[in-house]
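Modelling step: build the complete structure from the supplied sequences, incorporating the hints.
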Amino acid sequence: MKFAMNFLSLLFAALILSNTAYAESPREQLKQMVGQLQANPDDDALREKIIKFAQKLKPAPAIPEEAERRMARGTAAFKGAKSIADYQKAAQEFDQATLAAPWYGDAYFNLGVTQDKAENYESALRSLKLAILAIPNSKDIKALIYEVEYRSENSPEARAAKERSRDQALLLSINGARYSYDKEYQSAPGSVDKYTFDIRGNEVIMGSSFSAGQYQRQNYPEQILDSPWKEIDRSALAGRQFSTSKPWLCDVSCPPTCARTEMGGRFHWNCPMTGIIREDGNSIEFTGNGTSMIFKRER
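Mind the numbering: the sequence shown is residues 374 to 672 in the numbering used here, read in order.
Note that these hints are calculated values from the structure, not bench results. Just so you know, even glycine gets a beta-carbon here, dropped at the ideal spot from N, CA and C. Watch out, some of these pointers could steer you wrong.
[Said to hold, decoys possible] Restraint ranges, calculated between C-beta atoms of paired labels, are given here: (1) Arg537 / Asp513: 31 to 37 Å; (2) Arg442 / Arg532: 35 to 41 Å; (3) Glu438 / Glu536: 46 to 52 Å; (4) Glu438 / Arg537: 44 to 50 Å; (5) Glu530 / Ile436: 33 to 39 Å; (6) Glu652 / Arg551: 15 to 21 Å; (7) Arg651 / Ser600: 26 to 32 Å; (8) Asp415 / Gly453: 24 to 30 Å; (9) Lys452 / Ser616: 48 to 54 Å; (10) Ala458 / Arg672: 51 to 57 Å; (11) Gln541 / Thr660: 19 to 25 Å.
[As the list claims (entries may be wrong)] In silico DSS-like cross-links for lysine-lysine, where the CA-CA straight-line distance does not exceed 25 Å: (12) Lys422 / Lys515; (13) Lys490 / Lys535; (14) Lys425 / Lys556.
What follows is the structure, given as structure tokens:
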């Protein structure tokens, strides 16, 4: 009988200890997750898990002194900030506060506000979305998220990225296209230099051919009058733009700012020229030193 009573006492004590351990285990589990996050601070999935886990604890977990310290330091840095670099330093302090207390919504909010001031909109949105998870239905956080989304979409970087995307799509659609420009000469009526631009991937292949008119055939029968197409230059595309400094034929009215040379009885100018493919992909504007030519798409 005595043995049975001792066994029951031990069993009862074990149950009490087990229940106590179970009551303490969630906070110990939170501590372990915080340690894991501090070793892997970019793990946003773990941050979200910690926030949701902490919300279930009653009473709510206390804010560690290190988090309060970092919040105070970040606030001081924010108040004294005068440049993007200053706001970046303030953000570093608030970021450390989120690592010390990853469930702390105010730390994420302050971090998001500071990253917004530093024009780091992508990171600001990330922080603010964690803040709204920790502080659901906060109108201030929601409003700031909407504001940062607008600034992000209209930032110079975002506009440049959209332009690059449009340019890449255009180049894919015109790969293999040819653009041409016919240059006629006052000194040789009916004679035509045909210049072409061929789009090949991210390259522009420039070529030319020459067809003699009746005037030239009658007055210069001894010359080789027609020249088949030949490549004269290649240039890499930078978005929709390219440039060349190869000699281009001109009539007696070469641009005055260009060096004019005579080659085989015909004038050339050595001008830096710039081409830009228009947004609709139907033509190329080729300009430089007061000269402008529109190359129209053939195919």
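Each hint tested on the structure:
1. Arg537 / Asp513: 31 to 37 Å: holds, 35 Å
2. Arg442 / Arg532: 35 to 41 Å: holds, 40 Å
3. Glu438 / Glu536: 46 to 52 Å: holds, 49 Å
4. Glu438 / Arg537: 44 to 50 Å: At roughly 47 Å between Cβ atoms, Arg537 and Glu438 fall inside 44 to 50 Å, so the hint holds.
5. Glu530 / Ile436: 33 to 39 Å: For Glu530 and Ile436 the Cβ distance comes to about 35 Å; the hint holds.
6. Glu652 / Arg551: 15 to 21 Å: Given a distance of about 19 Å, which is inside 15 to 21 Å, the answer is holds.
7. Arg651 / Ser600: 26 to 32 Å: Holds - the Cβ-Cβ distance for Arg651 and Ser600, about 29 Å, lies within 26 to 32 Å.
8. Asp415 / Gly453: 24 to 30 Å: Since Asp415 and Gly453 have Cβ atoms about 28 Å apart, the given range 24 to 30 Å holds.
9. Lys452 / Ser616: 48 to 54 Å: Cβ of Lys452 to Cβ of Ser616: about 49 Å, so the range 48 to 54 Å holds.
10. Ala458 / Arg672: 51 to 57 Å: holds, 52 Å
11. Gln541 / Thr660: 19 to 25 Å: holds, 23 Å
12. Lys422 / Lys515: The hint holds at about 21 Å.
13. Lys490 / Lys535: holds, 23 Å
14. Lys425 / Lys556: Violated, at about 72 Å.
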